[in-house]
Amino acid sequence: MAITDLPLFSMLRTRMQWHQERQRILAQNVANADTRNYRPQDLAPLKFEPSKIAMAASAGPSGGLTRTDANHFNVGVSSSGNQFQAAHGGNLETRPSGNAVNLEDEMIKVAANQMDFQAATTLYTKSLGLLKAAIGKR
Amino acid sequence: MDFLKSIAIAASGLRAQSGRMRVIAENIANADSTATTPGGEPYRRKVATFKSEIDKALEAPVVTLGPVRNDPSEFRVKHEPGHPNADENGNVKYPNVNGLVEMTDMREAQRSYEANINVISASRRMIQRTIEILKS
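Just so you know, the sequences run in chain order S and C.
Quick note: the first sequence uses numbering that gives the first Met the number 0, first residue 0, plus one each step.
Quick note: the second sequence uses numbering that gives the first Met the number 0, first residue 0, plus one each step.
If we strip away everything but chain S, and leave its shape as in the complex, we get:
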């Protein structure tokens, strides 16, 4: 039984991949903060369904991620695949040039993304520590 088959590790791994993808999208938003007619993009929050987790434990690294294929939105030419849904948010602030990026919002999202990623990696580290304790290694 490989480590990645354990539901805990596969879920954390999916979550870390989600944060990675979101960081890329937020970086794009910030870099395009002055481009004409640019609308900021974001990812929908990750949801795990308990019934799918047990089933997906043997299905591979995708974890118990809820997906609806019909709504897949191409968030850019990404080689990691488009397994994460894009969120469609309301744009409250659109400047005359057509650009709708709110820099403060994006900065807050970047900081929150980083902290959540840190939480996921800490959990991953602690879980590895648990396993190591179980096999008797110090």
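What you were told as hints is all true, and nothing was included just to trick you.
Computed cross-link-like contacts, EDC-like style, restricted to lysine to aspartate or glutamate with a CA-CA straight-line distance of at most 20 Å:
#1 Lys108/S to Glu113/C
#2 Lys92/C to Asp31/C
#3 Lys131/S to Glu131/C
#4 Lys131/S to Asp4/S
#5 Lys77/C to Asp31/C
#6 Lys92/C to Asp70/C
#7 Lys92/C to Glu40/C
#8 Lys45/C to Glu73/C
#9 Lys92/C to Glu79/C
#10 Lys108/S to Asp1/C
#11 Lys45/C to Asp104/C
#12 Lys92/C to Glu25/C
#13 Lys125/S to Glu131/C
#14 Lys136/S to Glu131/C
#15 Lys108/S to Glu92/S
Okay, the calculated beta carbon distance ranges per label pair:
#16 Met102/C to Thr93/S: 19 to 27 Å
#17 Ser96/S to Asn29/C: 20 to 28 Å
#18 Ser96/S to Asn90/C: 29 to 37 Å
#19 Ala133/S to Glu113/C: 41 to 49 Å
#20 Thr93/S to Thr36/C: 41 to 49 Å
#21 Glu113/C to Leu130/S: 35 to 43 Å
#22 Glu103/S to Pro80/C: 46 to 54 Å
#23 Leu5/S to Ala24/C: 53 to 61 Å
Chain C residues, not near chain S, derived (Cβ > 12 Å throughout):
#24 Asn29
#25 Asp31
#26 Ala34
#27 Glu40
#28 Asn69
#29 Phe74
#30 Pro83
#31 Asn84
#32 Lys92
#33 Pro94
The hints are simulated quantities; they were obtained by calculation from the structure and are not laboratory data.
We put the CB at the ideal spot given by N, CA and C, even for glycine.
Could you slot chain C onto chain S? The hints should help.
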């Protein structure tokens, strides 16, 4: 690894914003440059534009400095008969650069630049945290 893509996208933003700063610096430095011949055209204010294009190596949309266009607004005209470049009416044309507009543009470019730097720092910290998993 996707984090390197985030850093590369933010780096393209840095390059674009510094290009914009260069254009603003040109405008401010040439704010009083009249024409070299009497009745000729003085310095015309330039405007930097951005465009988003797909970088093939990264497979991600990056931002680049688009064509630098000229500001088509009117020149300021001052009545200075003693100026060597005055035309037959004694008027001298000055560049259409407004100092206040340039300062505001400069602050906005600086703000965007710092935002891109923050994105790079955050991505770098995330990579470091990932590598630290191995250490424990």
